[in-house]
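Peer 1: Please work from the sequences and hints to get the whole structure.
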Amino acid sequence: MEKILHIEELVEHIVSEVTRPLPSRHNVSYSDLLSLTMVSNIFRRITKPYLYRSLVISPAIQEQLLRTMRALPELSEHIQAIFLARYPEPMGQLMCFVWRLPNLRTLDIDFSSSELVDLAPVLKRLSITALRLSSVEALHGEEDRADEWAFTNNSIQTLDISFTQPHEVWEECYEFGRFAAVFRNLENLRIHSTGDEWPCTLNAPVFRCLVHAFRNAFQSTLRDFSFQYNDYTHASTYDGDESLSDTFDARGLIKESHLEHLKVETNSLLRPMPSHTLRSLEIGISCLPSSLHTLYLRHEVDCGTLTPRENNLMYSEEAQCLSQLIKLTGRKSRFLGLQKVTLAVCLPVWFEEVAIRVIKVHARRAQVQLDVIFMSWFDYTSEDTFKSWPEYDIARDPRHPSYDPMTLRRRRDG
1 MEKILHIEEL VEHIVSEVTR PLPSRHNVSY SDLLSLTMVS NIFRRITKPY
51 LYRSLVISPA IQEQLLRTMR ALPELSEHIQ AIFLARYPEP MGQLMCFVWR
101 LPNLRTLDID FSSSELVDLA PVLKRLSITA LRLSSVEALH GEEDRADEWA
151 FTNNSIQTLD ISFTQPHEVW EECYEFGRFA AVFRNLENLR IHSTGDEWPC
201 TLNAPVFRCL VHAFRNAFQS TLRDFSFQYN DYTHASTYDG DESLSDTFDA
251 RGLIKESHLE HLKVETNSLL RPMPSHTLRS LEIGISCLPS SLHTLYLRHE
301 VDCGTLTPRE NNLMYSEEAQ CLSQLIKLTG RKSRFLGLQK VTLAVCLPVW
351 FEEVAIRVIK VHARRAQVQL DVIFMSWFDY TSEDTFKSWP EYDIARDPRH
401 PSYDPMTLRR RRDG
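Here the UniProt record's numbering is used: position 115 in the sequence shown is 115, and no number is missing along the way.
Keep in mind that the hints were calculated from the coordinates and are not lab data. It cannot be assumed that every hint is accurate.
Unchecked claim - BS3-like cross-link-like pairs, simulated, lysine-lysine; straight-line CA separation at most 25 Å: (1) K387 x K340; (2) K263 x K327; (3) K340 x K255; (4) K360 x K327; (5) K263 x K387; (6) K327 x K340; (7) K340 x K360; (8) K360 x K263; (9) K327 x K255.
Peer 2: The following block contains the structure:
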């Protein structure tokens, strides 16, 4: 008996490794899991919970899946995550099925054919802890349906939203504000643009609108926030009502929050109103919460204020901006829990030498881990977020001996 238990433990370990990660929107293949069920009865019995733990449901398999679950209701206990892919009416019959899953924790929905208000009954009844919504369009909403948001959700801790470009101005997307106000225990919030044919422009005015919408979370429970800014025109073509969004104190909400992890573009943190304050003084400690543990800042050197032929680039305002950002790592007295700062800098080739000198001088005083990434304009404007919001790569850190000064040029030419 003991030998059998050891064998089953070994099989369990093998299955858990082979099936990692489980099927999701990024990996819809069940082939490895199905292959394991064919090995033996032991493998079949141990693999079955993994086979149903994370389901990717599309219209093509919906009816077959529902029949299987009706015939074998005990399978519902294994389901912990569901991705609903491109449903004409994803909140209809399928939601009746979802409500019967006692251990469901993660719900991932392609929202391309639904409205947020259709999600209200789900948020009201389900006890999931993580919600991911893709292809969401923020809308003005119908006033006669506003009462459908008259509830609170205390279970969802993680919310990931990708937006499509709205047909209405952000400042008038009142339905999204009602949606955001529902969450009372939100800890992790990630906002980015969808990767389909209608990507959403995320810039500073949108940042202010969305931070304002989630102000209850920022003032209480939110600990991790990521906003993937993607507007290289910096709102020069924004057609919303900036006279309204400029009054939303996103900067103040960020500073007074209890965030431990923050990932943003420095342009998002600038004051909206015209000011005589230098840009380098706007992006320092004055707009960041003291509770931070990790900080990722993406920063674009403003070439419009510089020329390659200037003799005093080391004393330029853009050099001072870099100086202020690096100095954050030496403010341990202000950020007692800070452990790591990642700085992704988009800069022209002709400013590279100056940037390297500034970074090396001020990085000597760093009291926490500092990761620096140099990126080209072509990476910065890429629709591929792995390029536009890069992870740390030692080969792109100008302080490291392996750094190649030709990196930016090759990226530009390639």
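Peer 1: Could you work out which earlier hints the structure fails to respect and list their numbers in ascending sequence?
Peer 2: none
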